[in-house]
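Number of protein chains: 2
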Amino acid sequence: MLHLNLFIFGCGHHRAAWRHQASAAERLGDIGYYEELARVAERGKLDAIFFADGASVSHIEDGPRWYLEPLTMLAAISRATERIGLISTVSSTFYTPFHAARLVASLDHISGGRMGWNVVTSMFDAEARNHGYEAMPPHAWRYGRAEEFIDVVLRLWDSWADDALLLDRAQGIYGAADRIRPIHHHGDHFLVDGPLTVPRPPQGHPVLFQAGASAEGRDLAARRAEAIYAVAYDLPAAQSYYRDIKRRVREAGRTDPVPIMPGLVAYVGSTEAEARAKQRELDELLPQEASLRQLGMYVEQDCMGWEMDAPVPPLPPLSAFQGPKGRYATILRIIEAEQPTVRQLLGRLAAGGGHCTMVGTPEQIADQMEYWVHHEGADGFNLMPPTLPGGIEDFVDHVVPVLQQRGLFRKEYETDTLRGHLGLHRPPGR
Amino acid sequence: MLHLNLFIFGCGHHRAAWRHQASAAERLGDIGYYEELARVAERGKLDAIFFADGASVSHIEDGPRWYLEPLTMLAAISRATERIGLISTVSSTFYTPFHAARLVASLDHISGGRMGWNVVTSMFDAEARNHGYEAMPPHAWRYGRAEEFIDVVLRLWDSWADDALLLDRAQGIYGAADRIRPIHHHGDHFLVDGPLTVPRPPQGHPVLFQAGASAEGRDLAARRAEAIYAVAYDLPAAQSYYRDIKRRVREAGRTDPVPIMPGLVAYVGSTEAEARAKQRELDELLPQEASLRQLGMYVEQDCMGWEMDAPVPPLPPLSAFQGPKGRYATILRIIEAEQPTVRQLLGRLAAGGGHCTMVGTPEQIADQMEYWVHHEGADGFNLMPPTLPGGIEDFVDHVVPVLQQRGLFRKEYETDTLRGHLGLHRPPGR
Ligand SMILES: Cc1cc2nc3c(=O)[nH]c(=O)nc-3n(C[C@H](O)[C@H](O)[C@H](O)COP(=O)(O)O)c2cc1C
Ligand SMILES: Cc1cc2nc3c(=O)[nH]c(=O)nc-3n(C[C@H](O)[C@H](O)[C@H](O)COP(=O)(O)O)c2cc1C
Chain A
1 MLHLNLFIFG CGHHRAAWRH QASAAERLGD IGYYEELARV AERGKLDAIF FADGASVSHI
61 EDGPRWYLEP LTMLAAISRA TERIGLISTV SSTFYTPFHA ARLVASLDHI SGGRMGWNVV
121 TSMFDAEARN HGYEAMPPHA WRYGRAEEFI DVVLRLWDSW ADDALLLDRA QGIYGAADRI
181 RPIHHHGDHF LVDGPLTVPR PPQGHPVLFQ AGASAEGRDL AARRAEAIYA VAYDLPAAQS
241 YYRDIKRRVR EAGRTDPVPI MPGLVAYVGS TEAEARAKQR ELDELLPQEA SLRQLGMYVE
301 QDCMGWEMDA PVPPLPPLSA FQGPKGRYAT ILRIIEAEQP TVRQLLGRLA AGGGHCTMVG
361 TPEQIADQME YWVHHEGADG FNLMPPTLPG GIEDFVDHVV PVLQQRGLFR KEYETDTLRG
421 HLGLHRPPGR
Chain B
1001 MLHLNLFIFG CGHHRAAWRH QASAAERLGD IGYYEELARV AERGKLDAIF FADGASVSHI
1061 EDGPRWYLEP LTMLAAISRA TERIGLISTV SSTFYTPFHA ARLVASLDHI SGGRMGWNVV
1121 TSMFDAEARN HGYEAMPPHA WRYGRAEEFI DVVLRLWDSW ADDALLLDRA QGIYGAADRI
1181 RPIHHHGDHF LVDGPLTVPR PPQGHPVLFQ AGASAEGRDL AARRAEAIYA VAYDLPAAQS
1241 YYRDIKRRVR EAGRTDPVPI MPGLVAYVGS TEAEARAKQR ELDELLPQEA SLRQLGMYVE
1301 QDCMGWEMDA PVPPLPPLSA FQGPKGRYAT ILRIIEAEQP TVRQLLGRLA AGGGHCTMVG
1361 TPEQIADQME YWVHHEGADG FNLMPPTLPG GIEDFVDHVV PVLQQRGLFR KEYETDTLRG
1421 HLGLHRPPGR
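Residue numbers (this note's numbering), protein chains in the order written: chain A, 1 to 430; chain B, 1001 to 1430.
In case anyone wonders, no lab produced these hints; they're calculated from the structure.
A partial selection of chain A residues facing chain B, derived with a Cβ cut-off under 10 Å:
| no. | residue |
| --- | --- |
| 1 | Ser-23 |
| 2 | Arg-65 |
| 3 | Tyr-95 |
| 4 | Gly-175 |
| 5 | Pro-199 |
Just a few of them, taken from the derived set where beta-carbon distance is under 10 Å, the chain B residues facing chain A:
| no. | residue |
| --- | --- |
| 6 | Arg-1019 |
| 7 | Gly-1029 |
| 8 | Gly-1063 |
| 9 | Arg-1065 |
| 10 | Trp-1066 |
| 11 | Leu-1167 |
As the structure is a computational prediction, the values presented were derived from the model and not from experiment.
For glycine and all other residues, C-beta sits at the position ideal for the given N, C-alpha and C.
Bound conformation, chain A alone (with noise of 0.2 Å):
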C-alpha cells in the first residue's frame, strides 16, 4: 500500500504553467479553486493535500509566488471534503508554540482528526526580516528552536485529557480541572506555562511531517517525525536518502513505520508521445531570457547565447564548480541522465527542480512509481504536478486506477483520519 499527497501549489509546479490558457491564474485568491483541487484528489481516495508555506515574497513578474495563508485555507477546504487528510507547513522559527499547537489543534477538531503539520525551520532572509530578526538566525539554532517547539506543542496536545469534559447537567459539572493539566515549560526557546485552550485533537497528536536535508534535519526526521517528504532526483538518490533516515529512525528507538514520501512531477499520457506533448507544451512557455539568465546564475557562466533547441553545451565538473553545489550536482545528473535540449533542461528545472519526473502512460508511470516502492526508495510520493487541476486530475482518472488494480493502492478509504490513512496508531493521551 502506498501513500500519496497532493502538493498543492499556485497554478500548478512547472514555473510557466499559469501561462496556460486553461491555467486558474485569475482564481488564485479565490478559495473555491482549492476547493475543487481537494475534491479531485479526495476522488483519488488520496492520503492528503499539502501546502507549503513561506513568510516572503519576490520575482513577481515571473509568476504566482504567493498564496493565502494555508491554516485558513485548510480550514475552509476541510468543509468541502469529508476523508482526504489536510496537511499545513508550520515554520518553528516563525511561530511560536502556543499559537501552532492552538491553531493546528482547532484545525483537527474542525476537519474531524484530519490534520498534519510539516515542520520547516525557514530558509530566506526576506522571511527573517519579517519576523523581528535582520538576517536567519544560524541553522543550529534554528534546529534546536525546532526541537524544542515540537516537544511543547506535543505537550500542549496531551495538556488535556481525553476524557477531560464531562459535560453533567445535573450535577452541574462541565468539566473535570484535574484532567486539564498545566505544562511548565521553561526552556532555552520557550516559556509556556499550558495548558492549552482547546480539547485534546481527535488524532491525539495531528499528523507530524518533516523534510530536512542536512543532517541536523535528517536527525530531527527520524527521531520525531510520523512521515516524511523527500527529495530525490532518481532512484538511487532516494534510496540513498531513504535508506539513510530507516537507519536513523531505527538507531533512534522507533518502531513506527514512517513512511518516506519523495516529490514526484508526473506527465501523464494515452501515449507516451502525448505526455511529452504536453511537457514540451509547457516548456515552451517558458521565458527565454528570463530563463537563461537564471540558469546563467546556476552554471556561473553566460549563456544568453545558448541554442534553446541543441544540447546542452559540455560544463565543467562538479569538483571544478565554485558555486552552491547542490542545484550544480542536479543540473550535471539531468543532462548525463537525459541528454537534454537547453529547453529540455529549462523545463525540467522549471518543474520540481531536483525532484524526480515521471513523463509517459499511466502504465509506465504506475511501473516505475511501483519499482520505487519495491526496491527502497519509497513508501509514497508526494505528487507536485505540473499543471492544476489539469494534471491531478490526469493523474487521478489515469494513474490511480492502475495503481488500484495491482492492489497498490487503496480503492476506497478505511478510515475517517489521516493517523489512520498512513496506517499510524493514535497516540495515548498522558
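Given chain A's structure and the hints, the job is docking chain B with the ligands onto it.
Below, chain B with the ligands alone, put in the same frame as chain A:
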C-alpha cells in the same frame, strides 16, 4: 439604520446555559454548530458574527470556558454563509503583526471581503505565561505595542497596490514588481520589512474593531477603530461612554461614522411574563454554592448564608469598598435599579455581567433599542444571547422583524462586504 452583531460564545452568554436540556454542550468542538448559528444570524440580516478570544482556560468545572481558535472557525464559517460579516478578536500583545496581517488578509480573500478584527491588548497573567512572559506586561506598554501593531498591519495590507497583478499570459508578466513594496518598519516593538505575502484584501483594510475602557483604550479607539464595542449597564452609562468616544473621535480629526455597539443580553418572550420565565429558568440552573462563593469574592463578604429568593441584603456604599470597584459598582447599580432577589442578582451577573439586559416582548425590546439609538446611547448592539441557538433564534425571528417594520434595520443586505454593511468607505491603496 442600526447595526447588529451576534457575539457567539459557547452555549450562550448566561453561565448556566450549558446545563439547559436544549443546550449544545456536546457540540462545542463541532464547527457545524457555529455554522448553524452564523446562518441564523445571516437569516436575520445581521451585520456580522463576532468571536472573542483569549489564551488561557480556567474553572472548567463551572462551564464551557474554552473555544476553538476563532480565525480557523471563521474560515470554515465563511463557506457556510454568503453576506454576513465575520469578526475575530486578535491580541496585539500575543500575535505579531506579520502573522496577524497575513491571517486576516487571507480570511478577507477567502470570505470575499467580510472580515473584521477586534484588536485587544489582553488581560490575564495566565495568558501572558503561555506566550513567553512571566506576567502580563504593563497596560501602557501593551497599548504602545497595540498602536504600533495596528500601524504595521495597515501598512502591510497596503504593501500591494490594488492592481499589482497583471496576469499577462502573452507577455509572460504575472505581476508588477513595482506595485508591491516593502514597508521597512523598524519601531520600538517590531521589525518588519514586508511586503506582505498576499495581495491587498478585497476590503482594502478588513474592518478594525476595538473595545477599550481605559483612557488609553478610548484614545486608541478614537484614533484607530472603525467600530467600537462598549459595555453599558444602562442608558446613562451608555450615553456617557458614547459622548466621550464621539468627542475623542472628533478631536482626532476624523469624520467617519465609527459606530458604537454596546453589548445586549435580551430575553425575548411573546409576553413579558414568558420572557421573565425564560430568564428565571436559566437563573435557577446556577449552582447555588459556587455562585454565592463567587459573589462573596466580588463583594468581599461571606454570602453563603444568603437566602436565594429574598432581596439582597444591604451592602456598603462604593466609597467604603476596598476591592476592585468596577464590578462592585455594577452590583450596587443592579440592586438600586431592580431591587433583585439574591438569585436574580446572581443571574444578572452570570449573563453578560455589566452589559445591558432587556427582558420583554419583541416590541418592548425594540422600543428600548430604538430609544438608545435615538438618544446617543448606541449606533447598534452587540447581541449576547443568554442561550444559543434559542436566544438568537428568538431575536432574529421576533425582534428583527419589528426593527425592520420600523425602518430601523435592513430588510435585505445591500452590500457584500462588512465595510459596506457598516457604511464605511474602502480605504484607497497607497
Ligand atoms: C516537499 C517539501 C516541502 C517543503 N516545504 C517547505 C516549506 O513549505 N517551507 C519551507 O520553509 N521549507 C520547506 N521545505 C524545505 C525543508 O523543510 C528544509 O528546509 C530543506 O529540505 C532543507 O533542509 P535542511 O534545513 O535540513 O538543510 C520543503 C521541502 C520539501 C522536500
Ligand atoms: C464586547 C467586548 C468584547 C471583548 N473581547 C475581548 C476579547 O476577546 N479578548 C480580550 O482579551 N479582551 C476583550 N475585551 C476587553 C477589552 O478589549 C478591553 O481589554 C477591556 O475593555 C479593558 O479595557 P482597557 O484595557 O482599555 O482598560 C472585550 C470587551 C468587550 C466590551
